[in-house]
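K.L.:
Given only the sequences and the hints, what does the whole structure look like? Please build it.
Chains as they are written, first to last, in our numbering: chain L, 1 to 504; chain X, 1001 to 1504.
I should point out that these hints are in silico values taken from the structure, not numbers from a laboratory. Just to be clear, a hint being listed does not mean it is correct.
As the list claims (entries may be wrong) - DSSO-like, lysine-lysine: derived pairs with alpha carbons at most 30 Å apart:
1. X:Lys1345 with L:Lys106
2. L:Lys91 with L:Lys471
3. L:Lys114 with X:Lys1015
4. L:Lys8 with X:Lys1037
5. X:Lys1015 with L:Lys96
6. L:Lys188 with L:Lys471
7. L:Lys38 with L:Lys8
8. L:Lys16 with L:Lys137
One letter stands for each residue in the lines below.
Protein chains: 2
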Amino acid sequence: MDIQTIEKDYLQLMKKIESYNEAISLMFWDMRTGAPKKGLEQRSEVIGMLSSDVFKLTTSEEMLEYIIQLTQPEIYNQLNEITQKSIDETKKNYEKNSKIPQEEYKEYVILSSKSEAVWEEAKANDDFFMLQPYLEKLVSFNKKFIEYWGYDGNKYDTLLDMYEPGMTVDKLDEVFNQLKERIVPLVKQIQESNYNPDDSVLFFSFPKENQHNFSLDILKELEYDFSAGRLDETVHPFAIGINPGDVRVTTKYDEEDFRSAIFGTIHECGHALYEQNISSDLIGTGLASGTSMGIHESQSLFYENFVGRNYSFWKRHYNKLNEYATGAFQNVSLDDFYGAINVAKPSLIRIEADELTYALHIIIRYELEKALFNDELEVKDLPNAWNEKYEQYLNITPPNNAKGVLQDVHWSGGSFGYFPSYALGYMYAAQFFNTMKKDIPNFDQLLENGELKVIKQWLADHIHQYGKMKKPLEIVKDVTGEELNVQYLIDYLENKYRTIYKLV
Amino acid sequence: MDIQTIEKDYLQLMKKIESYNEAISLMFWDMRTGAPKKGLEQRSEVIGMLSSDVFKLTTSEEMLEYIIQLTQPEIYNQLNEITQKSIDETKKNYEKNSKIPQEEYKEYVILSSKSEAVWEEAKANDDFFMLQPYLEKLVSFNKKFIEYWGYDGNKYDTLLDMYEPGMTVDKLDEVFNQLKERIVPLVKQIQESNYNPDDSVLFFSFPKENQHNFSLDILKELEYDFSAGRLDETVHPFAIGINPGDVRVTTKYDEEDFRSAIFGTIHECGHALYEQNISSDLIGTGLASGTSMGIHESQSLFYENFVGRNYSFWKRHYNKLNEYATGAFQNVSLDDFYGAINVAKPSLIRIEADELTYALHIIIRYELEKALFNDELEVKDLPNAWNEKYEQYLNITPPNNAKGVLQDVHWSGGSFGYFPSYALGYMYAAQFFNTMKKDIPNFDQLLENGELKVIKQWLADHIHQYGKMKKPLEIVKDVTGEELNVQYLIDYLENKYRTIYKLV
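P.N.:
In structure tokens form, the structure reads like this:
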């Protein structure tokens, strides 16, 4: 067969896989936004059936044959760039999926799904020992998988690479240490300072309907394209790219704390803008989605924090917020409001953490995971190690394991190596922001004028359009001209919080 | 292989096919209720991909092998009844799908999709000649298909059987002639009578939100199970069974004519109750949906007309309707309202026709289709033939083809043999209703008391639960103890309309 035919057949198979993935994504969205409960069990079966088709196709003999043929240098070099990147990605997935014996993988999937259920109960009962045997098995499965997948240097690198291709312990140790060195003392200084912005002004009864309408307004302002998306309500908010022309945002309305809807919507909008602006040339190639968890998170955090917690942004929207809040902010100055939405204080729960302390929560998890996979820590010692680190970095002690080591679902679902993406996203965002401000020096003015199109277009041109065509570290280099550099995040946080907390 | 293994493997393949169908159904619902428009083209590709998978699986060598093995009498007789019916249905589909050469079928699908687009334009421009060549090709394709599929007796029977298994021209001629004989003179009598119920009371501005809330109320009253469904807005209302635990209703709100939402919702609810009450044992076997278009329509028409246009039903709901209509019916008596929602007069457009004249619209289409497929009428002569029949049966003349032969999409989509199901549904409904009233003599009282659970349960027990386990004519026989008998519909219509129009 000639190259064109092989390439065409390969792309046809990819299109089939991506079609199944699109159907799965829609079913997932539907289950989380309003599918009737009596149909859910059967729906799960359908999702299982299609997922297993996807798995079979990605690990099929046919796929292996395409990989072998298309990666021969003399053929590979004749392919266009999209097919090249597609086959690279496919090869990586093939190796990841085919190296684990099928029976073992099946056992692992069943274990992690059981374990998530046990975690819920363990957390509710503050009972770490209930979960411990499950975590031990999950860790030992993942250690075996690392052996199957292979590693150079640190074993934990193999897990990191799953979520953030190219990321290593060496790099993370370097940036996280720099971050700790500067943020831990700053957090302490704030804790000891006498200035305390009053955030009690944020809590009042804010009708759901109004929060919804304000969310719609804000999405429009952020240049979210409603002809390629929609907003729905859910319990655990998410954004989902079903295809680049159909990227949906979900949010949650808490009538006693409007921040969850507003900042949640802005955060998910950041994810959604990424997916909406991926080049449609990539549809069906396996490349039409965000390139990594970290880069994805950089987009959501950019919007949530650099836009959504920016003073100029609220200069524009504060009056409207006050209207939707039926006048609740009548007697609160914009400055006080800005202070209130930017309160920084050490807290126990990651998902409630503020912009300043958030990365410390992540670093703690990273250090524990790294120790687990380098045989420097045993699962049974996790609770103590956890609490020690919270004391050391955040100066607070979890009163129990429910508010400590049991708070996140990730480990019980077998996701080790995922947490660092959250902090990476933050660092990427600050680094991108630094470059963006050189191109767009009137950034704050644009926020105040509601001209966010310029900002969205910059992100689309520099990051979004590429989908998985570029690896995360490649994007960082191409956009900012340098390697990952944590200094930008440190500078941003120091400037912002020293100003708010009136520190020298 | 032993029988158990073959049966298990066959059912596994059916489950796969039905899983794909479920995903397709959800995508279809989503496209019609709020999917963002920029994603639609790609979504259509995904639907196309999955539909072609379904087609391939139902016509595969593997499937043929199962059919051959499982239909051998000594094996077939050992299967349980569900597998027997499933394999019967599968065999029928296999024969239908595999007898047409694949290239020819593809050409036909492309032609009918083009032709639907041409129809829209032709209708807008009142230009039959624009559509004529397309219709000619579609008819000639269908004639060829009939040859492939085979026929005994009348060729048109083969088309009828696609939508209403077992139905024949002989049977339809008999019942339609009886119907015409009694309804045509009755319509004429009404046209000539001096009594004219005033339906102007129905037209006023009725806020969409209120129509929506009233629709929700009515669905609950009709025992629609919201934990196995939901109500959404759409342009062309439909109900869809995604699985028996997820059956969704859609409706349309016309603020100037609330009847479209209310009677539309009740109609779709009838379809939905059918799908919600199919036995869950049938999921994944190819039998978990309504047995035919006609029986499906009998359920929607039963609710729309026998329940929704019943005096006792409105005795219960009239006050609430008036509240939602913000008092618009304050000065309209229930009797006048009842007269207004039951006005019968000949009209040009099928989908706007009333309960009395509706069947005549269908009979006209049936007679024209039958003539086309028996070479007694050419496509080019359709407009004249159409107009003559409207004069003869309904005593009105279409002023143009847009309001005549071009009004329905069906023919341009290649659906010949479908129209009779609408009238069959009506006849079935009246016949079922006659039997139901023997079991439930206090039917009207139940409507007045809002005890519709008894009625729903009767339908579930006698009709719904079986899905495709019974053929339509088998259901009619089992439920009513006799063959299809049009006398029940005639009696119902005569009684109802003679009373309303005060005729002797």
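K.L.:
If you draw a straight line from the CA of lysine 91 of chain L to the CA of lysine 471 of chain L, is it 30 Å or shorter?
P.N.:
Judged against 30 Å, a Cα distance of about 15 Å means the pair holds.
K.L.:
Is it true that the CA of lysine 1015 of chain X sits at most 30 Å from the CA of lysine 96 of chain L?
P.N.:
The given pair, whose Cα atoms are some 29 Å apart, holds under the 30 Å limit.
K.L.:
Within 30 Å, alpha carbon to alpha carbon, are lysine 114 of chain L and lysine 1015 of chain X?
P.N.:
25 Å, holds
K.L.:
Measure nothing beyond the straight line between the CA atoms of lysine 38 of chain L and lysine 8 of chain L; if it is 30 Å or shorter, mark the hint as holding.
P.N.:
42 Å, violated
K.L.:
Hinted pair, alpha-carbon criterion (30 Å max): lysine 16 of chain L, lysine 137 of chain L. Please report holds or violated.
P.N.:
35 Å, violated
K.L.:
Take a quick look at whether lysine 188 of chain L and lysine 471 of chain L sit within 30 Å of each other, Cα to Cα.
P.N.:
Between lysine 188 of chain L and lysine 471 of chain L the Cα gap is close to 36 Å, so the pair fails against 30 Å, i.e. violated.
K.L.:
Please verify whether lysine 8 of chain L and lysine 1037 of chain X have alpha carbons no more than 30 Å apart.
P.N.:
With Cα atoms ~28 Å apart, lysine 8 of chain L and lysine 1037 of chain X stay inside 30 Å; holds.
K.L.:
With the threshold set at 30 Å, check whether the alpha-carbon distance from lysine 1345 of chain X to lysine 106 of chain L stays at or below it.
P.N.:
Roughly 66 Å separates the two Cα atoms, so the pair is violated.
The structure is inconsistent with the numbered hints 1, 6, 7, 8, although it conforms to all the rest.
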